[in-house]
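A.B. asks: Letter by letter, the chains look like this.
Protein chains: 2
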Amino acid sequence: MNYFSSNFKLGILGGGQLGKMLLTETRKFDIYTSVLDPSDEAPCKVGSNEFYIGDLMDYDAVYNFGKQVDVLTIEIENVNVNALEDLEKIGIKVYPSSKTLRTIQNKATQKLFYVDHNLPTAPFSRFAYTVEIEDAISNGGLNFPFVWKSAQFGYDGTGVKIVRELKDLENLPNVECITEKLIPFKNELAVIVARNPSGEIKTYPVVEMEFHPEANQVEYVICPARISAAVAKKATEVALQAAQAFNHVGLLAVEMFQTADDDIIINEVAPRPHNSGHQTIEASFTSQFEQHVRAVLDLPLGNTANKLNGIMVNLVGAEGYTGDVVYKNIETIMGMDGVTPHIYGKKQTRPFRKMGHVTIVNEDIVEARKIAECVKNSIQVITE
Amino acid sequence: MNYFSSNFKLGILGGGQLGKMLLTETRKFDIYTSVLDPSDEAPCKVGSNEFYIGDLMDYDAVYNFGKQVDVLTIEIENVNVNALEDLEKIGIKVYPSSKTLRTIQNKATQKLFYVDHNLPTAPFSRFAYTVEIEDAISNGGLNFPFVWKSAQFGYDGTGVKIVRELKDLENLPNVECITEKLIPFKNELAVIVARNPSGEIKTYPVVEMEFHPEANQVEYVICPARISAAVAKKATEVALQAAQAFNHVGLLAVEMFQTADDDIIINEVAPRPHNSGHQTIEASFTSQFEQHVRAVLDLPLGNTANKLNGIMVNLVGAEGYTGDVVYKNIETIMGMDGVTPHIYGKKQTRPFRKMGHVTIVNEDIVEARKIAECVKNSIQVITE
Chain A
1 MNYFSSNFKL
11 GILGGGQLGK
21 MLLTETRKFD
31 IYTSVLDPSD
41 EAPCKVGSNE
51 FYIGDLMDYD
61 AVYNFGKQVD
71 VLTIEIENVN
81 VNALEDLEKI
91 GIKVYPSSKT
101 LRTIQNKATQ
111 KLFYVDHNLP
121 TAPFSRFAYT
131 VEIEDAISNG
141 GLNFPFVWKS
151 AQFGYDGTGV
161 KIVRELKDLE
171 NLPNVECITE
181 KLIPFKNELA
191 VIVARNPSGE
201 IKTYPVVEME
211 FHPEANQVEY
221 VICPARISAA
231 VAKKATEVAL
241 QAAQAFNHVG
251 LLAVEMFQTA
261 DDDIIINEVA
271 PRPHNSGHQT
281 IEASFTSQFE
291 QHVRAVLDLP
301 LGNTANKLNG
311 IMVNLVGAEG
321 YTGDVVYKNI
331 ETIMGMDGVT
341 PHIYGKKQTR
351 PFRKMGHVTI
361 VNEDIVEARK
371 IAECVKNSIQ
381 VITE
Chain B
1 MNYFSSNFKL
11 GILGGGQLGK
21 MLLTETRKFD
31 IYTSVLDPSD
41 EAPCKVGSNE
51 FYIGDLMDYD
61 AVYNFGKQVD
71 VLTIEIENVN
81 VNALEDLEKI
91 GIKVYPSSKT
101 LRTIQNKATQ
111 KLFYVDHNLP
121 TAPFSRFAYT
131 VEIEDAISNG
141 GLNFPFVWKS
151 AQFGYDGTGV
161 KIVRELKDLE
171 NLPNVECITE
181 KLIPFKNELA
191 VIVARNPSGE
201 IKTYPVVEME
211 FHPEANQVEY
221 VICPARISAA
231 VAKKATEVAL
241 QAAQAFNHVG
251 LLAVEMFQTA
261 DDDIIINEVA
271 PRPHNSGHQT
281 IEASFTSQFE
291 QHVRAVLDLP
301 LGNTANKLNG
311 IMVNLVGAEG
321 YTGDVVYKNI
331 ETIMGMDGVT
341 PHIYGKKQTR
351 PFRKMGHVTI
361 VNEDIVEARK
371 IAECVKNSIQ
381 VITE
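Those sequence lines, one after another, are chains A and B. Per our numbering, the very first residue in the first sequence carries number 1; after that it's consecutive. Per our numbering, the very first residue in the second sequence carries number 1; after that it's consecutive.
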């Protein structure tokens, strides 16, 4: 099939910031795109060739959108999987597959998948409802502390809580969930794997999430991770195994923990471009977004090596500000060396909303880290 | 003024490939854009926030478009300058200025500007009509060989002819023109200068045009140029002097010749992103398109250094093919290391039409040059 002609159509479910950055690449290659998103103000309304409004969890909306494209991909995993399955049956190429999405959408199923495929992950228990956890504790089947995770719709840290005592369970929603053993870790790492339908597979360098010492929030994504070659090799192998187990097509972002004993265990995976890969736009030979397009179109994969070291800082809405967004001091950070802000184009800010990100590239990772801190201390996402 | 809000509007005259690549950057920064172009099929129809159809040489079309934006820039210099001048009078920021565009649009005026500002350029004569050239030859005022250039609307080599004998003049249009002394040169070089209204000024590394040994056509733009540091310094200084003489705002691409004696003379300038800077997208810290946006919005200029060496190959329509375009073997070149095709999105190809370009980046310039040759020998812009 000739992707580089207007007879071909790539469908994207979701029109948020990840979709927007995918569109930069489809525009570069002049690949015709059609986007479905629930919001009339979605960032992808500009930059797509066709834009439709619809509920991504609605069978009819997804099916009717999907049947008019040649290849269908996603920028968010919470989409109607039954529609995708039926689209596959009528010959639409759906990447990632409905099977993979069904497995990943439910955290219990995702964990069982790791166990079934001998992929390292923290021990866990599965519960139909949160209220059943208390029984497990009282009969000795579960010990504090542990991590509670909602099985469905966990996204960006919502639906996750560390439980140290009974009262931590009190305000949790009574839903299908898992509990995971709380494993102390040295580092949170991630590897993005790209694979195309022909089976070509490549990994990006291991990245490291650096946490704020007090707030327990990721402050910086650092590429490459400041870890030993042996640990990097192990993390890369685990990520490759995961992608192969899924027979995955597209990007698979594999989030992992490096334990106290330098073991690598999988935390979770995302079958799409990922926050841990944003620095690839400036730092890598091939950005994760270009790579995702290459992969789902079965084009040759690009070089995943870094041109330079890269650090990514998320731009999230400051606490105490809700309304029309202003990026205070954006001019200041644009004057710093190798600094590129990406503004997602959401009109309204609210506390912790992802509004953009900033990439810092430098030949010297120590220098890059210093500049990243200056960026973090300068720019503020507030209101007018 | 807050550029990063929907209360601000950047206007762009021209919606071709240069405009399209500018829009990649305005989307990255979420800067609201409005584009005017004569064609309903212009590449900028997708990716701009507003798109209008109109004749860029028409006073009313340009004036009415321009009065509804805050900052107005161009991606092509053949626009109605009287409209720009009147827009400046009502307070619209026009970069480059109407004065600069008026000087540059006419090659005779452009040459006189160099002379007036002590900028090195080849000796020339000015003629109101091509037919007057014969008189100058017969009275000994002009000697063969020389270069004939139409004063108006010269673009991408059209309107230029080397005249070695009388009969070479025969089929030339009878228009305002200049004749230039034909100066043998070792290299054709270019430097892109960026300057913002606050006066911050930066130059990109000198690039070199490598010509096909027989066809006398630019085959590769190579960055950095394979020249001595002394010649590079001289070329950079000449380019800086030119930008300062114009009090230029935005990008100024300065095309120069390196003579047999290693002198540098200006060939011509373009007050916008330029073909000689396309490799900056992948090779530089700051692409020329991002830099143009930074400059016209009076934001700090980005780092102009190379991350890696870069080579650019133009994708032009192959001879003998007119119609719906096909990029034969594009998959092949996408499998080569560090190779990125840019497809402009023009539906119809015709011989020598600029349809896209390909960038090759590599730490080793010799390796990059080899890969560039493989690219050139593989991809073909043909029809179905």
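Some clues are possibly wrong.
Copies of the same chain look alike in the list, so a pair counts if it works inside one copy or between any two.
[As the list claims (entries may be wrong)] Heads up, simulated SDA-like pairs for lysine to any residue below, C-alpha to C-alpha not over 20 Å straight-line:
#1 328 to 298
#2 376 to 142
#3 9 to 384
#4 186 to 168
#5 161 to 124
#6 167 to 224
#7 328 to 5
#8 167 to 197
#9 67 to 262
#10 93 to 2
#11 328 to 6
Since the hints were derived computationally from the structure, they do not count as laboratory data.
A.B. asks: So, for every hint listed, does it hold in this structure?
C.D. replies: Verification of the hints:
1. 328 to 298: between (42 Å within a copy, 16 Å between copies)
2. 376 to 142: neither (40 Å within a copy, 65 Å between copies)
3. 9 to 384: Intra 40 Å, inter 18 Å, cutoff 20 Å: inter-copy only.
4. 186 to 168: neither (25 Å within a copy, 77 Å between copies)
5. 161 to 124: Classified as within: same-chain Cα gap 14 Å, cross-chain 77 Å, threshold 20 Å.
6. 167 to 224: neither (40 Å within a copy, 65 Å between copies)
7. 328 to 5: The answer is between: 12 Å across copies meets 20 Å, while 42 Å in one copy does not.
8. 167 to 197: neither (48 Å within a copy, 61 Å between copies)
9. 67 to 262: neither (47 Å within a copy, 63 Å between copies)
10. 93 to 2: Answer is within; shortest intra-copy Cα gap is 15 Å, inter-copy 43 Å.
11. 328 to 6: The answer is between: 15 Å across copies meets 20 Å, while 41 Å in one copy does not.
Consistency with the previously given hints fails for numbers 2, 4, 6, 8 and 9, ordered from lowest to highest.
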